[in-house]
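A.B. asks: The task is simple: from the sequences and hints, build the whole structure.
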Amino acid sequence: MLKFIGRRLGYGLLVMMGVTVIVFFLFHLLPGDPARMVAGKRSDITTIEAINKEFGLDKPLPVQFYLYLKDLSPISIHEDTPQNQDKYEYTELINLGEEVLVLKAPYLRRSFQTNKRVGELLMENLEPTIWLALAAMAFATIFGIAIGVVSAVNQHKFLDNFLVAGSVLGISLPSFVAAIIISMIFGYYLADWTGLGLTGQLYDYSPFGGKTLNLKNLVLPAFTLGIRPLAIIMQLTRSSMLDVLKQDYIRTAYSKGLPYKKVLVKHALKNALNPVITAVSGWLASLMAGAFFVELVFDWKGFGYVTIKAVESLDFPVVMGAVLIIALIFVFVNILVDALYALIDPRVRIS
Amino acid sequence: MAMKENVILDVKNLKTHFTSKRGVVKAVDDISFTIHKGETIGIVGESGSGKSVTALTMMGLLPKPQASIEGGDIILNSPGLGPVDVTKVDEKTMRKIRGEDIAMIFQEPMSSLNPVYTCGDQVMEAIMLHRNVSRKEAKVRTIDLFKKVKLPRPEKIFDTYPHQISGGQKQRVMIAMAMSCDPRVLIADEPTTALDVTVQKSIVDLMKELSEDNDMATIFITHDLGVIADIADKVVVMYQGKIVEQGPIFNIFNNPQHPYTKGLLACRPRLDVKLRELPTVSDFMEVNPEGEIVEKKDSKYKSAAFAVLSNLVTEDEIQEKQLKMLKDQPIIEVKNLKTYFPVREGIFKKSKEVIKAVDDVSFKVFEGETLGLVGESGCGKTTLGRSMMRLIEPTEGEVLFFGKNILDYNKKEMMQLRKDMQIIFQDPYSSLNPRQTIGDAIVEPMRFHKIGSSDKERRSIAENLLEEVGLSPNFYTRYPHEFSGGQRQRIVIARALAVDPKFIICDESVSALDVSVQAQVLNLLNRLKENHDFTYIFISHDLSVVKFMADRIMVMNDGKIVESGFSESIYDAPKSDYTIKLMNAIPHGNIEDIRRRTLQRKAKTDTYGY
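The listed protein sequences derive, respectively, from chains A and B. In this text, residue positions in the first sequence follow the working numbering: the first is 8, and each later residue adds one. In this text, residue positions in the second sequence follow the working numbering: the first is 4, and each later residue adds one.
In short, the hints are calculated from the structure, not lab data. A portion of the hints provided could be inaccurate.
[As the list claims (entries may be wrong)] Below are the DSS-like pairs computed for lysine-lysine, each with C-alpha atoms no more than 25 Å apart in a straight line:
1. 273/A / 24/B
2. 277/B / 253/A
3. 422/B / 253/A
4. 67/B / 268/A
5. 277/A / 359/B
6. 359/B / 150/B
7. 422/B / 338/B
8. 253/A / 95/B
9. 95/B / 269/A
10. 150/B / 204/B
11. 532/B / 453/B
Just so it is clear, the structure is predicted and the values come from calculations on it, not from any experiment.
C.D. replies: Set out below in C-alpha cells:
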C-alpha cells in the first residue's frame with residue numbers, strides 16, 4: 008500500500024512539473040507589460056527598468072524560467088542575505104559558505120496590483136472555497152447515491168422515470184443560471200421563511216466580536232454548486248447498480264437466504280461505488296478550482312472570486328499561482344481517490 | 004412406494020412461464036419428479052431446455068416480473084418447517100428455506116463470488132445468517148468446511164479474495180458455502196461446465212463424497228449425460244421445457260427410450276474408437292406436424308450402438324491415412340519457438356521475471372492433417388496458437404510457413420499470411436461485434452483482402468458460405484444477438500472461410516457449446532475440411548474431442564510439449580503421466596461401471612434398512 012501511494016506521489020510530481028512549464032511559457036507569450044502594470048502608466052524609464060530588474064524581466068526567457076523554478080522549489084540554494092531571508096522566509100538546512108541550502112514554502116512572488124505575497128493572498132481565500140466545495144460535494148454524494156439507488160430498484164417505474172428526467176435537468180442547467188435563480192427564490196422571495204441572505208460570507212467580521220463563523224451562508228452556494236455533481240452521481244449510481252444487480256454474485260447472495268436490503272447494501276452497493284468514486288473525485292477537485300460563477304453570484308470571497316478579479320486586472324503572478332494551486336489540488340485529490348479505490352476494491356491493490 | 008416417507012422434494016405438474024413482448028415462453032411445461040433423501044438426480048438437457056429455470060423455481064429466485072409460476076407444486080419436506088409448498092410460501096419463509104433447506108451452486112465460479120469480500124467472509128455470512136453463533140465460532144466452522152471441500156491451506160484461503168484463487172478452488176468455496184448449513188437438498192447448476200476436464204472430475208468426485216457423507220439429496224444439472232454417469236442415481240431428461248424421459252441411471256444408459264436421450268448418449272466423442280462422423284440429436288428425432296417429438300422414421304441409425312458401429316473408421320483406413328500424410332511436405336514447421344511474458348514491476352518497468360508461456364517448442368504440421376493440441380488452461384496452448392500467427396509476437400524461434408520464416412515477414416507478406424491463416428475463437432458471444440450485421444462481419448475481411456470484384460459478388464459469396472455452414476442466407480442482414488451459441492459459432496466459421504484460408508487454428512472452438520451442439524459443429528468442421536482441403540490445428544482441453552478430430556495429438560503442459568504422436572497410439576499407450584491424468588478425467592459413461600456403482604449403493608441402503 009505504501010509503495011502504491013509512493014508511486015502515485017512520484018507521478019504527481021511529474022504532473023506538477025509539466026504544469027509549471029506550461030503555465031510559465033503560456034503566460035510569457037501573453038501580451039502586456041508587467042512592469043508598466045506595477046508602476047502605472049505614467050512612470051519614467053528608470054522606474055520601469057528598476058522593476059524589470061527586480062522581477063528579472065530583463066533576463067532571457069530560459070534564465071527567467073530557472074529563477075521561477077528556484078522560487079517554486081521547496082528545497083533550493085540561495086545567497087544568504089537578509090533580503091532573501093525576508094523574501095523567502097526560509098529555514099536553513101546546510102550552510103554552503105556564501106550560499107545556503109534551504110527549505111521553504113514555494114514562493115509565488117508578489118501581486119502586481121497589491122504587492123501582497125501571492126501565496127498568502129490565495130491561501131487566505133482558499134479556505135472558504137474548500138468549505139464550499141466540501142459541503143457541496145458531501146450534499147451531492149449523499150443524496151446522489153441515495154437517489155441513484157432508489158431509482159435503480161424502481162427501474163422503469165414512474166418514480167425512476169421522474170428522477171432520471173430530473174437529473175437530466177440538473178446536468179444541463181448551467182451553474183450561473185442556477186445560482187441566480189436559487190439566490191433569487193430562496194435568498195430574496197422566500198427570505199423571510201428560509202432566513203437566508205442573497206449573499207454572504209463564511210466568516211463575519213465585526214469590530215467587537217471579531218471573526219464569527221456563519222454556516223447559514225453556506226447553504227445556498229453549496230446547494231447550487233452541488234446540483235450538477237448530484238445529478239451525475241445519481242445517474243452513475245443508478246446505471247452501476249443496475250449493472251451490478253444482474254451479476255451472478257447477487258444471485259449467490261440471495262441463494263444464501265439474505266434479505267433484500269442486505270443484498271442491496273452489502274453486496275450490490277459496495278461493488279457499484281467504483282465509478283461513483285471516480286466521479287466524486289473529479290468533481291471535488293474541479294469544484295475547488297472552479298466555483299467561479301457561483302462564488303461571483305453569491306459574492307462568496309473565495310479562491311475563484313480572487314482569481315477572476317486577478318484575470319480582470321492582468322495580475323499574472325496571482326493567476327499563475329492560482330493555476331498551480333488548482334493543479335496541485337487535482338493531483339492531491341486523485342492520489343487520495345486512488346488510495347480509496349485500493350481500500351474498497353481488493354483487485355486494484357494487485358495491479 | 005416403500006420409500007414414500009423419504010421423499011424430500013416432490014415436484015408436481017410444475018409450470019413456469021416467461022412473459023416478454025414477443026409472447027409467452029413455456030420455460031418449464033408441466034413437469035413432475037420426486038427426490039428422496041440422500042438421492043442424487045441428474046437433470047439433463049441443452050441450453051433453453053428449462054433445467055435451470057426448474058432449479059431457480061425451487062429456490063424462489065425467478066427473475067421478476069418476467070417469470071411466473073403458472074401452476075403446480077413443489078412440496079419440500081423441511082425438517083424445521085414440515086411439508087411446505089415452496090411455490091406458495093411468503094418471502095420470509097423462502098429466505099429461511101434458502102441456504103438452510105435448499106442450497107445452490109452455480110455454473111460460473113468466476114462471477115458467482117462477490118469480488119470485494121474475502122472467501123471466508125462470504126461463507127461466514129451464510130452461517131451467521133442461519134445459525135445463532137458468534138463470529139469466532141462461524142470462522143472455525145468455515146475453516147472446517149474449507150477442509151471438508153479439500154481446499155489447500157484453508158486458513159489462508161479464508162483471508163483471500165476470490166480473484167486470487169483458481170476457478171476450481173472458487174467452485175470449492177461455493178460448495179463450502181452451499182454446505183454451510185447442512186441443506187437437505189443441494190442444487191448444482193452446471194457446476195463444472197466452465198472448468199477444465201481434470202478439475203471437473205475432482206469437483207464431481209467431491210460432490211459425490213459430500214452427498215454420501217451428509218445424506219443430502221443432490222440435483223445435478225448438466226448438458227452432458229457423461230458427467231453425471233459417475234454420480235447420479237436417477238436421470239431426468241428435459242427438452243423444450245418438458246421431461247421426455249426419466250428413470251434410474253442404469254436404464255437410461257443401457258436402454259434409452261426417447262430418441263432425444265439416444266441422441267444425447269451417442270453425440271459425445273468417444274476415446275476408444277474413431278468415428279467418421281459424430282451422431283447428432285437430430286439424427287434420432289424429429290418434430291411431427293402436431294409439434295410432438297418423435298423418433299425419426301428414416302433415421303440413419305436404429306440405435307445409439309448402431310450409430311457408433313456404422314461410423315467406425317477401421318484400423319486399415321487409419322494406417323493408410325497416416326502413411327499418406329507422412330509423405331507430404333509439412334505446411335508449417337515450428338522450430339524452438341519461445342514466447343515469454345515479462346512480469347513488470349517498479350516505476351522503471353525493469354523486467355525481473357518472465358512467464359514462459361511457450362518454452363522451446365518444435366513440431367511440424369503436414370498438409371491436410373488435423374493436429375490436436377491438448378492441455379489444461381494455462382498450459383500455453385492458446386499462446387502457442389497465437390504465436391504461430393504472430394497475433395502474439397514470439398520471443399525467439401522460427402515458424403516456417405511453406406519453408407519461409409513468418410517472423411521475418413514484412414507488412415505486405417503479413418497481410419497475405421492473415422488471409423492464409425485463420426483462427427476460430429472459443430467464445431462465440433464475444434468474437435462477433437454486436438453492432439455489425441452477420442453479412443458485414445463476413446464481407447469485411449473479403450473487402451480488405453480484395454476478394455470478389457463488387458459488393459454484390461461478395462454478398463453472394465457470403466450467402467453461399469452461410470448456406471455451407473448450415474445457416475439460412477436470409478441471416479445476412481441480421482445481428483448476432485438473435486442467434487444461439489451454436490449458430491454464432493457457425494457464423495464465425497463462415498467468416499473464417501470468407502478469405503479462403505489454407506490453414507485454420509480452432510482455439511477451443513467448441514468448449515463453450517452444449518455437447519449436442521458441439522457434435523454438430525465438429526461434424527461441420529470435418530466436412531469443410533474435406534471440401535476445402537484445409538489443414539487444422541485443433542486446440543482443446545478435452546482429450547475426447549481432440550481424439551475425434553485429430554490425426555495426430557500433441558499434449559502440452561507448462562509451456563512444453565510432453566508427448567506427441569498419432570491419436571491412436573497416444574490413446575493406446577500414453578507415455579507421460581500427464582496424458583494419463585487427462586485421459587482419466589474424461590467422463591466415460593461406461594455401462595459396467597454404472598451397474599457396479601448402482602449395486603453398491605443398493606447394498607448400502609439395504610443395510611440401513613430402507
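A.B. asks: Each of the hints needs a verdict: does it hold here or not?
C.D. replies: Right, here's what the structure says about each hint:
1. Only pairs whose Cα atoms come within 25 Å are accepted, and residue 273/A paired with residue 24/B is rejected, the gap being roughly 33 Å.
2. Using a Cα cut-off of 25 Å, the hinted pair residue 277/B and residue 253/A is violated, with the two alpha carbons roughly 44 Å apart.
3. Taking the CA atoms of residue 422/B and residue 253/A, the gap is about 40 Å. The hint is violated against a cut of 25 Å.
4. Annotation: proposed proximity of residue 67/B to residue 268/A holds, straight-line Cα distance about 16 Å (limit 25 Å).
5. Under the criterion of a C-alpha separation no larger than 25 Å, the hint pairing residue 277/A with residue 359/B is inconsistent with the structure, at around 37 Å.
6. A hinted pair counts as satisfied when its Cα atoms are at most 25 Å apart, and residue 359/B with residue 150/B does not qualify at roughly 33 Å.
7. Under the criterion of a C-alpha separation no larger than 25 Å, the hint pairing residue 422/B with residue 338/B is consistent with the structure, at around 23 Å.
8. For the given pair, residue 253/A sits about 22 Å from residue 95/B by alpha-carbon distance, which is consistent with the 25 Å threshold.
9. Straight-line distance between C-alpha atoms of residue 95/B and residue 269/A comes to about 14 Å, which keeps the hinted pair within the 25 Å bound.
10. Between residue 150/B and residue 204/B the alpha-carbon distance is near 18 Å, which keeps this suggested pair within the 25 Å criterion.
11. For the hint linking residue 532/B to residue 453/B, the alpha-carbon distance of about 24 Å falls within 25 Å, and the restraint holds.
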